[in-house]
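Peer 1: Top to bottom, those sequences are chains A and B. The opening residue of the first sequence carries number 0 in numbering that gives the first Met the number 0; numbering runs sequentially from there. The opening residue of the second sequence carries number 0 in numbering that gives the first Met the number 0; numbering runs sequentially from there.
Per the computed footprint, the stretches of chain B lying under chain A, defined by three or more beta-carbons under 8 Å from a beta-carbon of chain A, are:
#1 260-271
#2 277-284
#3 303-316
#4 373-381
Cut-off 27 Å, straight-line C-alpha distance, at most; resulting in silico cross-link-like pairs (DSS-like, lysine-lysine):
#5 A:Lys291 to A:Lys317
#6 A:Lys552 to B:Lys367
#7 A:Lys563 to B:Lys367
#8 B:Lys212 to A:Lys561
#9 A:Lys567 to B:Lys212
#10 B:Lys367 to A:Lys567
Worth flagging that the hints you see were computed from the coordinates, not collected in a lab. We put the beta carbon where it would ideally sit given N, CA and C, even for glycine.
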Amino acid sequence: MNQIRNFSIIAHIDHGKSTLADRMIQFTGLVEDRNFKDQILDNMDIERERGITIKSQAVSLPYRAADGQEYTLNLIDTPGHVDFSYEVSRSLASCEGVLLLVDAAQGVQAQTVANLYMAMEHDLEVIPVINKIDLPTADIERVMEQIDGELGIDPYKAIPCSAKAGIGIEPIFEAIVKKIPPPKGDDALPLSALIFDAKYDPFRGTIIHCRVFDGRVRAGDQIRFMYNGTVYRVEEVGKFLLSRSRTESLGAGEVGYIIAGVKTVSDVHVGDTITLDGRPCAKPLPGFREAKPVVFASIYPIASDDYEELSIALEKYKLNDAALVYQKDSSVALGQGFRCGFLGLLHLDIVQERLEREFNQSIVLSVPSVRYRFSLNTGEVLEIDNPSLYPDPAKIDKTEEPYIRATMMFPEKYLGTVMKLCLDKRGSNTRIHYPSPGRTELFVEMPLAEVIFDFYDRLKTLTQGYGSFDYEIIDYRVSDLVLLDILVNGEKVDALSQIVHRDRARERGVHACDRLKDEIPRQMFKIAIQGAIGGQIVSRSTISPFRKDVIAKCYGGDITRKRKLLEKQKKGKKRMKMVGNVSIPQSAFIAVLKSDTD
Amino acid sequence: MDRRAPPAPSAPGLYVHVPFCLTKCPYCHFHSRSPFGREDVKRWLDALSLEAAFYRDLFPPFDTVYIGGGTPSALTASEMGRLAAAIRRNFAIEPFSEWTVEVNPGDAAPGLLAVYRDLGINRVNAGIQSFDDETLSFLGRRHDARQAAKAVEALRSAGFDNIGLDLLYGIPGQTVEEWLETLSAALRYEPEHLSCYELTVEPGTPFFVLREKGVLPPLPEDLSLRFFMETSGRLTDNGYLHYEVSNFARDASLRSRHNRKYWDHTPYLGLGPSAHSFLEGRRWWNGEDLDAWEKALREGRRPVGGEEVLTTGQRCLESLFLGLRTSEGISLDGFREEHGIDLLALQGGLVERSAAEGLLVVDGGALKPTVRGMAVADGLARLFSDSLSLRDGVSCPSGT
Chain A
0 MNQIRNFSII AHIDHGKSTL ADRMIQFTGL VEDRNFKDQI LDNMDIERER
50 GITIKSQAVS LPYRAADGQE YTLNLIDTPG HVDFSYEVSR SLASCEGVLL
100 LVDAAQGVQA QTVANLYMAM EHDLEVIPVI NKIDLPTADI ERVMEQIDGE
150 LGIDPYKAIP CSAKAGIGIE PIFEAIVKKI PPPKGDDALP LSALIFDAKY
200 DPFRGTIIHC RVFDGRVRAG DQIRFMYNGT VYRVEEVGKF LLSRSRTESL
250 GAGEVGYIIA GVKTVSDVHV GDTITLDGRP CAKPLPGFRE AKPVVFASIY
300 PIASDDYEEL SIALEKYKLN DAALVYQKDS SVALGQGFRC GFLGLLHLDI
350 VQERLEREFN QSIVLSVPSV RYRFSLNTGE VLEIDNPSLY PDPAKIDKTE
400 EPYIRATMMF PEKYLGTVMK LCLDKRGSNT RIHYPSPGRT ELFVEMPLAE
450 VIFDFYDRLK TLTQGYGSFD YEIIDYRVSD LVLLDILVNG EKVDALSQIV
500 HRDRARERGV HACDRLKDEI PRQMFKIAIQ GAIGGQIVSR STISPFRKDV
550 IAKCYGGDIT RKRKLLEKQK KGKKRMKMVG NVSIPQSAFI AVLKSDTD
Chain B
0 MDRRAPPAPS APGLYVHVPF CLTKCPYCHF HSRSPFGRED VKRWLDALSL
50 EAAFYRDLFP PFDTVYIGGG TPSALTASEM GRLAAAIRRN FAIEPFSEWT
100 VEVNPGDAAP GLLAVYRDLG INRVNAGIQS FDDETLSFLG RRHDARQAAK
150 AVEALRSAGF DNIGLDLLYG IPGQTVEEWL ETLSAALRYE PEHLSCYELT
200 VEPGTPFFVL REKGVLPPLP EDLSLRFFME TSGRLTDNGY LHYEVSNFAR
250 DASLRSRHNR KYWDHTPYLG LGPSAHSFLE GRRWWNGEDL DAWEKALREG
300 RRPVGGEEVL TTGQRCLESL FLGLRTSEGI SLDGFREEHG IDLLALQGGL
350 VERSAAEGLL VVDGGALKPT VRGMAVADGL ARLFSDSLSL RDGVSCPSGT
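With the sequences and hints as input, model every part of the structure.
Peer 2: Below, the structure is given as structure tokens:
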């Protein structure tokens, strides 16, 4: 066990986490240079394209240290987005130390701080690493001041490196060996292993990623998931040497995988404890929490006939994404679909994009919603995330919505504009902190609903990309909520209905009407678009009909040509959804969700 | 000429394409050779006889003949005589048929027109385009306003009592008022027929190249509509019947019998390069190149460049978009018989809505577009056919 180190790399997005992981893997010779591709741990196209890690990954790195000893360094790569902070916390719980990566040009950012706090909560040894020191804009001195002043870490512990150029990699290995403590644990105790991830393999079922704290697990063992008591027989255990590598057993302190005939990843809960059915441990490892969706939206196939196909696609998709929850839903305007719960907007984006790209589905998404709480005069309390279930307004006593505490960091000169943005978004209890000269850390309490609409995009724009953002959900607060409906030619498009704060209703109604006006192509009849609260119209726009749409000449030779033109125009209509007598293109639904700043 | 009621509406029409022009107009996308020699005309006439022979027994007697182009009036009197002879030699032509020739105002010499009369040509369509010199020069026409006027007078003097004038509007820089002046000038001659087209810029023309460069922007919709409505209004006020999107007749009997065949799936035969034919649900078209067309015929082959057999859905779509272009509209019974669809029962009450918006009327068992409806005939056709494709079972599917 003394030869094992379990660590993770934490960083603000774009600070070079995946590149550093790549370089460390290369340094150990685990993969030949010619077989190497960038972001080796990011398997999905979407991860490589967006430069973010969505799924956790683990890899065991063999390393002969300067002291002559052979070590096994288990790198647990974590997702790099606030939507996945629970997954990050479980990965960190599997480690004894972290590399805290800071970009030499951008310095400490909101997620750097949030990640550091999380590492500290888990009592992890923190090794600061300053990355990208070869950039012309690198300012190592300033970053060291920030590490000292803003993170409270001795800046002289920081290791300068350039993951891209391969500078300073060996000192990082040495620091891991010397500074991060070896895992503690006892092989002789009953098994307790922490699940930090699960992946689906079409041939083997679910591959459980875990860290063994005590005890030992082997093929043939009967294991039990402590959260729901289900029992499985272990088929195979092993370690991650880039690909899976079968081993005899996994013992205390080790990181590896278990295959036990578990059908889907949804049967496995990240954060759950695995023990032996015959000799269970006394209590589960701390920190388990069921992954809870916070953003909800419905998905509909563009063509109603494709509902079955979408259903199969979702089922397949779900095999590998336990965080997505869904159930059948139906819309008057859009037909049958699914109500889905997501960890956040990025998660929603990813699900939508993967369904379209990997599963070839053409879908329409309803306006995302958070989960609201309604207390009725009957004493009943309802939690509602679907505007179509909005209760009878006459029965509502009290409405509440979830609040978050947002943490933002940005250069001080943007304070005014960011403050204004936060107030626009109904922010309150603002607290400002100046961690070092010229920099601002802002804490604001805001409704979650305001954040999911367009907050992050606008923050990025206002701060010219220098603003960073992190949040946690704090509580529910009383709020004056109303149901905003969007009507097209008098017909309600229920997928565009939104639960909104009364002060927001008009503005959101105008936004929806304007966007629909831009996106819905002109048709043969006038199209009236309205935003309404109950019977009251709060916004409207009109799409004027075609008044001239005919080709001047049409004689013998023109007929075939002209018919083909009409046929082509008809084909173009396929990606439209008929609502009443109006064809609404998919892009219109998307546009309503987007902010004006896009 | 005789204006008795035409024979059975199903009698086919014959079109002959004369692929020669003295000069090319920069907006025209029809096939023609320019310049050309008499030898070219001779080869074309020889080949035309060969082509006619292929179809001699395929069509019932024709009751309209339309000689278009190109510039038919660029043929000499004797060449036109040979053409008429070839037609009569190969095909049965009903008595009291409509024989139309397109005439360029620059060619309207009394001698030539007298020969036309002798050959049995009883209808002329003059490509006047405008009575404004500046507009004519912009359009690259070889005649001016004075020649245009003289040409119409010459046609009348030659004894033609069925004269059609082609006019163009929506020319860049042209105001509606300027256009109405041209229209008034045309009305002074009391033509039996008027075709008023909005200038369209077709791919492959010099005007198209200009548009690509941004020099010749398309007409804004509102202005296009104003031209259209003002034209219709002015001509209707003067007693003309607006019987098709771009066509007007002094009375119902003066509508172009030939062109109407294109709009209601009546068979027609087209001879000459680029000509289209339609018979029993099949449409075929000749290649556009004069030399290739002639070579095929000399080698004993039909010079067909392509053909299609209309699916029921395509036929249905054509019935819709062609019918909605005409004041006669779509016969409800006829449509039900041909396609098995009741247009009044269209999903979403489309007919009622269109009628409520003033685009259609249901009158005399037909769906008839109003003038405003004609202005959006393509859109209406799309809308109706979309609704048909949505229905299960009785479908009007597009494509095959």
